[in-house]
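Student: Chain by chain, the residues:
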Amino acid sequence: MGAPGGQAPASGGPPVVALSRVNKHFGTLHVLNDITLDVARGEVVVVLGPSGSGKSTLCRAINRLETIDSGSIAIDGVPLPEEGAALASLRAEVGMVFQSFNLFAHKTVLQNVTLGPVKVRGLTPTDAQARAVELLERVGVADQAAKYPAQLSGGQQQRVAIARALAMDPKLILFDEPTSALDPEMVNEVLDVMVTLAAQGMTMIVVTHEMGFARKAADRVVFMADGQVVEQNTPEAFFTAPRTDRAKDFLSKILTH
Amino acid sequence: MDGLATLLREYDVLAAFWMTVQLTAWGAVGALVVGTVVAVARVSPVGVLQRFGAWFVTLVRNTPLTLIVALCSLGIANTLKVQLAPADSPTFIVDNGFRWGVVALAVYHAAFVAEAIRSGINTVPAGQAEAARSIGLGFAATLRHVVLPQAFRGAIAPLGNTLIALTKNTTVVATVGVAEAAYLMRNMIEFNPSLLYAIFALLATGFVVLTLPMGLLFTWLSNRLGVHR
Ligand SMILES: Nc1ncnc2c1ncn2[C@@H]1O[C@H](COP(=O)(O)OP(=O)(O)OP(=O)(O)O)[C@@H](O)[C@H]1O
Ligand SMILES: [Mg+2]
Chain A
1 MGAPGGQAPA SGGPPVVALS RVNKHFGTLH VLNDITLDVA RGEVVVVLGP SGSGKSTLCR
61 AINRLETIDS GSIAIDGVPL PEEGAALASL RAEVGMVFQS FNLFAHKTVL QNVTLGPVKV
121 RGLTPTDAQA RAVELLERVG VADQAAKYPA QLSGGQQQRV AIARALAMDP KLILFDEPTS
181 ALDPEMVNEV LDVMVTLAAQ GMTMIVVTHE MGFARKAADR VVFMADGQVV EQNTPEAFFT
241 APRTDRAKDF LSKILTH
Chain B
1 MDGLATLLRE YDVLAAFWMT VQLTAWGAVG ALVVGTVVAV ARVSPVGVLQ RFGAWFVTLV
61 RNTPLTLIVA LCSLGIANTL KVQLAPADSP TFIVDNGFRW GVVALAVYHA AFVAEAIRSG
121 INTVPAGQAE AARSIGLGFA ATLRHVVLPQ AFRGAIAPLG NTLIALTKNT TVVATVGVAE
181 AAYLMRNMIE FNPSLLYAIF ALLATGFVVL TLPMGLLFTW LSNRLGVHR
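Chains A and B, in that order, are what the protein sequence lines are.
Quick note: the first sequence, position 203, residue 203 per my numbering, numbers continuous.
Quick note: the second sequence, position 159, residue 159 per my numbering, numbers continuous.
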């Protein structure tokens with residue numbers, strides 16, 4: 001750590017996410033190499049790095065969709081529990097938005113958003129629906145509530161996925177390349193929703209190569225390579241004056257197109 | 001034609017086919033329940049359950065139905081005296097035979113149902129379960145609300161095939177004295193051997209009447225309920 005810039009917005013309490021010396025292997029491949037990273041409440045962290053550097057694995061480890069070999073991960077001061085009810089309830093606190101949306105294909109948009117609140121949070125269907133409609137309005141797809149995911153455009157599906165995550169009132173939302181499966185003309189409608197969320201104080205970890213988003217919404221950029229956090233800084237400082245060769249090399253590649 | 005008329009007059013054909021329908025219906029319900037449990041065991045994170053599921057499917061699928069029916073009826077019901085009907089009931093013999101027949105059919109077809117559902121589960125992308133877990137659903141809730149509903153829709157066609165096979169396989173239960181269609185056929189052949197072809201035609205028609213709509217229904221269902229991705 002020890003980045004000069006890119007410090008979290010000041011706020012009390014434990015960090016929303018605290019990773020300490022996290023290691024993870026896939027066979028002989030060291031995918032997460034001694035990762036230590038804190039994310040404060042309200043902070044928006046953009047994670048960048050070449051393909052295969054472990055960005056997705058990092059997100060999945062924070063939501064414990066992947067187990068880790070050593071180190072510790074705590075959400076709001078609570079270490080991630082083993083499998084079981086405790087893990088499920090902790091997961092409910094951590095939203096996740098996937099590259100491929102992963103909306104429940106057999107449920108309508110509205111049912112996608114109400115499932116968690118009803119089954120996990122114990123809301124009545126009426127309350128859950130009222131809240132879902134409100135969230136769908138917020139992301140601009142309320143008029144699609146009765147449709148099935150396959151009837152929506154990618155951009156609409158991803159906004160529904162964001163509403164589904166928001167419906168759980170999460171402490172943090174993880175976004176793993178939320179716009180990279182989208183047609184170019186739909187990227188902005190999703191990024192706009194995310195920028196708004198960031199402005200409203202949601203804590204977010206966003207894997208994305210959208211530098212516009214990083215500049216506009218991120219408090220900090222974390223650059224990963226080969227499973228390590230190589231550099232972190234404010235977006236402005238990182239993009240204009242990267243300090244490591246890996247980062248310079250990476251930026252020269254994504255800036256050329 | 002005369003032959004058919006004679007058969008229909010002298011035998012209670014409808015009652016026999018009604019028995020076939022009942023065996024099919026109860027057998028199907030049982031097979032669906034047991035098969036679902038076995039399929040869930042096979043995809044569960046618990047090693048013992050996975051092995052039990054695999055073992056059940058392999059064992060049952062490779063055993064002839066005749067043997068399972070004989071085991072249930074002769075082995076368990078008659079020899080071990082495990083009864084599924086009250087012994088003082090006037091219809092004890094019929095009820096007990098029928099119920100053990102249903103058990104045998106359910107257990108045997110459960111293996112095929114389990115395989116159909118497991119193949120259905122395999123059609124559900126891993127991201128669906130991950131999304132379910134990420135909103136805080138546990139293993140059981142993820143299966144119940146997200147994976148299984150999609151798996152069943154993906155498994156409609158093979159489940160339909162299993163139901164049609166089950167309908168025809170009810171004839172095996174005749175071997176232990178349940179008075180269904182094949183049992184009736186044996187009686188007819190014994191007492192009216194001259195009407196052999198009429199008997200065959202009657203029975204074949206009866207089964208076609210039962211299974212053809214099933215095939216149509218399941219094709220329609222699988223188009224109707226298929227999950228669009
Ligand atoms: N389930 C898995 N089994 C084996 N190897 C895996 C698995 N998942 C990921 N990997 C490997 O781990 C490394 C890191 O993967 P990860 O998906 O975290 O990278 P990433 O930074 O998200 O890459 P991308 O930008 O391509 O999405 C890659 O080399 C990948 O091939
Ligand atoms: Mg990735």
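Be careful, since some hints might not be right.
Said to hold, decoys possible - Covered by chain A, according to a simulated footprint, are these stretches of chain B (three or more residues, beta-carbon under 8 Å):
id	segment
1	123 to 133
2	143 to 153
3	223 to 229
None of these hints come from the bench; they were simulated from the model.
All values reported here derive from a predicted model rather than from experimental measurement.
We treat Cβ as the ideally placed atom computed from N, Cα and C, and that holds for glycine.
Student: For every hint, state whether the structure bears it out.
Tutor: Cross-check of the supplied hints:
Given as covered by chain A, the segment 123 to 133 of chain B passes the check, having 7 residues with a CB less than 8 Å from a CB of that chain where 3 are the minimum. Note: the segment 143 to 153 of chain B has 5 residues with beta-carbon separation from chain A under 8 Å; the three-residue rule is met and the coverage holds. For the segment 223 to 229 of chain B, the stated coverage by chain A is satisfied: 3 residues place a CB nearer than 8 Å to a CB of that chain, which reaches the threshold of 3.
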